[in-house]
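Chains E and G, in that order, are what the protein sequence lines are. Here the first sequence is numbered in the working numbering, starting from 1 and rising by one per residue. Here the second sequence is numbered in the working numbering, starting from 1 and rising by one per residue.
Don't read these hints as lab results, they were simulated from the structure. Treat each hint with caution, since some may be false.
[Claimed, not checked] Taking beta-carbon pairs under 8 Å as the criterion, some of the chain G residues facing chain E (in silico):
(1) Pro32
(2) Thr35
(3) Gly64
(4) Thr72
(5) Leu224
Because the structure is a prediction, the values reported are computed rather than measured. Don't be surprised by glycine CBs; every beta carbon is placed ideally from N, CA and C.
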Amino acid sequence: MSEHFPALIIIVPLLAAFLIAVAGWVNKRLCFPIAAASLCVSLYSAVRLLGIVLESGMVEYQLGGWPPPWGIAYNVDHLNGLVLVVISAVALLNLVANKKSIAQEFPEKIGPFYTLYILFVTGLTGMVVTGDAFNLYVLLEIASLTGYALIGIGKDRAPLASLNYLFMGTIGASLYLLGVGYLYLVTGSLNMADLAALLPQIYDSKVVLLAFVFCLTGLFVKMAFFPLHAWLPNAYSYSPSCASSLIAPLTTKVMIYVMIRIVLSVFTPEFSFASLKISNAIVWLAVFAIIMGSLFALSQKSLKKMLSYVVIAEVGYMVGGFWLGNRPGMTGAILHIVNDAMMTLCVFLAAGTILYKTKGDSFDDLKGLFKKMPFSMTAFVIGALSIIGVPPTCGFFSKWYLISGGIAAGHYGFVAALLFSSLANVVLFFRLIEICYYEPFADHHHEKEESSLDEAPATMLIPLLMTAILLIVLGIYSGELVTNVIEFAIPGGIT
Amino acid sequence: MKIIGFIIVLLCGSLLIYGTIDFPGFGDPDAPASTYLSPRYVENTMAETSVPNIVTAVLADYRGYDTMFETTVVFSAAIACFFLLRVFKRRENDEVRHYRHIPTGITLRIEKGGKIPEESADFQRIDSEWVPHDMIVNTTSRLIIPFIQLFALYVIAHGHHSPGGGFQGGVILGAAFILFAVSRNLRASIRRMGEKVSAILCAAGVFLYAGTGFLCYLLGGNFLDYSALTGILGVDPVTAHSHGILIVEIGVGISVMAAMIWIYYNLSSVGKHDEGL
Chain E
1 MSEHFPALII IVPLLAAFLI AVAGWVNKRL CFPIAAASLC VSLYSAVRLL
51 GIVLESGMVE YQLGGWPPPW GIAYNVDHLN GLVLVVISAV ALLNLVANKK
101 SIAQEFPEKI GPFYTLYILF VTGLTGMVVT GDAFNLYVLL EIASLTGYAL
151 IGIGKDRAPL ASLNYLFMGT IGASLYLLGV GYLYLVTGSL NMADLAALLP
201 QIYDSKVVLL AFVFCLTGLF VKMAFFPLHA WLPNAYSYSP SCASSLIAPL
251 TTKVMIYVMI RIVLSVFTPE FSFASLKISN AIVWLAVFAI IMGSLFALSQ
301 KSLKKMLSYV VIAEVGYMVG GFWLGNRPGM TGAILHIVND AMMTLCVFLA
351 AGTILYKTKG DSFDDLKGLF KKMPFSMTAF VIGALSIIGV PPTCGFFSKW
401 YLISGGIAAG HYGFVAALLF SSLANVVLFF RLIEICYYEP FADHHHEKEE
451 SSLDEAPATM LIPLLMTAIL LIVLGIYSGE LVTNVIEFAI PGGIT
Chain G
1 MKIIGFIIVL LCGSLLIYGT IDFPGFGDPD APASTYLSPR YVENTMAETS
51 VPNIVTAVLA DYRGYDTMFE TTVVFSAAIA CFFLLRVFKR RENDEVRHYR
101 HIPTGITLRI EKGGKIPEES ADFQRIDSEW VPHDMIVNTT SRLIIPFIQL
151 FALYVIAHGH HSPGGGFQGG VILGAAFILF AVSRNLRASI RRMGEKVSAI
201 LCAAGVFLYA GTGFLCYLLG GNFLDYSALT GILGVDPVTA HSHGILIVEI
251 GVGISVMAAM IWIYYNLSSV GKHDEGL
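The task is simple: from the sequences and hints, build the whole structure.
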């Protein structure tokens with residue numbers, strides 16, 4: 001069985017999605033157990049697979065039994081092994097946490113919701129596990145299509161936000177597809193490892209250059225890299241909480257993984273960094289992304305929108321760190337994929353539990369929340385501290401690597417942007433914590449109303465608190481994570 | 001804003017043109033796309049899968065995994081449509097309805113909150129933008145639909161030998177049903193094939209595809225390695241590939257047909273499943 005783990009990560013949730021779609025018409029109560037069980041299998045396979053990779057190196061799985069490049073192959077190494085665990089863990093935690101709020105928000109559409117949820121996760125894991133450039137596009141389509149639906153079901157302007165996202169996302173995906181088409185045109189192959197072997201002979205071809213540019217631009221759109229970010233804030237803030245706390249931690253992070261994969265494994269570092277002199281320009285764009293993301297976040301007046309802009313700034317961290325092109329920078333970027341997924345999950349889940357109770361997420365609705373929901377707020381504060389980068393939370397360690405990467409590369413603009421964004425986050429979150437700590441002013445003038453404990457249900461709190469604790473655990477063990485996993489994920493040539 | 005857009009379009013266009021400088025010649029037999037992978041497909045497809053149509057073999061076998069997810073894309077589109085559009089909670093008389101009294105031919109307009117006549121031989125519900133029954137349209141579609149469906153089955157089954165397969169056949173099957181809905185009305189077609197049936201068929205089709213792949217895994221092969229089906233189908237491994245392709249093509253056909261119909265129901269009636277083209 002162990003050699004089939006790469007396929008099981010995808011196939012079990014996929015089959016479960018179809019079962020859920022049917023169960024939604026037969027017995028709605030079956031939907032959640034099927035979904036949760038399939039994600040458990042997925043998580044178990046991902047963890048075991050990472051164990052196998054750590055022990056014996058890269059794993060290849062040939063789908064349909066056809067050897068690549070004729071068939072499609074899955075290649076799992078240290079990089080995507082790690083990301084796979086993160087995706088399935090985030091998806092499972094979020095699913096369990098949101099069981100109640102899903103039942104509350106979509107009483108009649110539970111079946112389709114879980115189906116889309118599981119398909120979304122399948123799409124993301126499929127993108128990460130695959131070793132085939134076109135297969136990646138197909139799964140990107142699945143993840144995007146289901147993502148649009150999950151966002152579009154939200155209230156107010158959600159359909160419009162989703163439509164915007166659809167337009168931008170389609171353009172991004174088309175650019176990626178065009179890039180892959182160009183690569184096929186000049187090599188005749190779609191397999192990533194095969195492409196990496198074929199491309200060096202034709203690196204001076206203009207088609208290869210364009211393929212690189214198109215793939216990268218497409219991925220930048222999909223990951224909401226600053227000037228191409230316009231779709232993200234509305235899409236994430238109008239979508240229902242149970243969907244946004246799935247999509248926000250995962251989509252951008254997976255797209256950054258794909259960028260790293262394309263840049264390192266399809267093209268080589270020699271091509272992407274040494275012969276194309278664009279890395280410096282991209283880092284400067286990232287600097288811009290971080291600063292603008294933080295500034296926009298400061299100007300927001302509702303919780304989820306503010307968090308959405310924080311996500312945009314975080315994308316800048318990872319893209320910038322990666323394109324520094326040195327080992328600490330890349331380590332920081334990859335570690336930050338893990339950390340940022342967890343801490344975004346933590347704050348979005350906390351926002352979800354708050355919304356579940358308060359029905360509004362503008363800052364005025366949050367007054368006095370510490371007394372009302374102490375546990376949710378504790379988790380939120382831990383998530384906030386991690387985003388700011390306070391030790392021992394995990395956010396500190398990836399930021400440390402990113403900053404030391406910036407210093408090693410002599411890119412002080414990037415270092416300054418990181419420090420600025422940390423300061424901005426301090427202002428951002430402490431302002432929020434202050435609002436939540438104090439009672440509403442009006443209450444002091446009326447009858448002394450007992451602001452009683454009104455916590456979210458335990459099924460929501462336990463996954464949330466687990467996520468918060470994970471942030472600290474990840475921080476404590478980040479040294480082990482770097483030396484045992486991430487060190488091997490970065491090609492040896494990079495120092 | 002318009003000027004910026006124009007500049008970006010120009011830039012993108014000139015980049016595309018710039019790239020064509022290094023393109024291999026049009027239809028060049030020495031281009032990498034035709035010399036690298038294609039020869040193996042051309043030479044070995046028949047021996048490895050016993051499918052004469054190479055496109056089908058590449059689509060449903062060599063790269064069958066992609067095709068499974070393409071079908072899943074169709075399924076996702078259908079379920080997304082349902083998820084976003086379908087409206088469930090509706091009172092009986094919250095909007096204007098039209099009925100026709102058949103013996104007299106009089107059309108009744110029933111306002112909101114009005115009393116709705118019971119469905120009987122005398123009263124017939126009609127769409128608000130009603131066009132009189134057209135005997136020619138009705139009869140023609142009744143004549144033509146069985147042949148369309150038959151042709152669709154042929155397209156699905158004959159994908160091994162000629163252009164066609166599950167996607168094309170499924171679309172034709174779906175189109176036949178939509179023609180029925182257009183020539184009568186939405187309610188008549190929903191009575192024929194309800195929403196639940198189309199939803200379940202849509203999932204069942206892809207499940208057949210992915211399930212076949214999973215069966216291959218359970219029988220000891222890799223996922224979607226049809227040669228593992230040898231034992232069940234009672235044929236040699238090469239023929240098992242051919243049969244496996246047929247099974248998944250049927251799955252694709254079912255799924256695409258049901259998705260077409262389901263999307264049509266939701267789109268044409270804006271999720272109300274009541275009136276519509």
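Verification of the hints:
A least Cβ separation of about 4 Å between Pro32 (chain G) and chain E falls short of the 8 Å threshold, and the interface hint therefore holds. For the restraint placing Thr35 (chain G) at the interface with chain E, the shortest Cβ-Cβ distance is roughly 7 Å, inside the 8 Å limit, so the hint holds. The beta carbon of Gly64 (chain G) comes within 5 Å of a beta carbon in chain E, closer than 8 Å, and the hint placing it at the interface holds. The criterion of a C-beta within 8 Å of any C-beta in chain E is met by Thr72 (chain G), whose closest approach is roughly 6 Å, and the hint holds.
Checking Leu224 (chain G) against chain E by beta carbon gives a least distance of about 4 Å; that is within 8 Å, so the hint holds.
Comparing the model with each numbered hint stated earlier shows that all of them hold.
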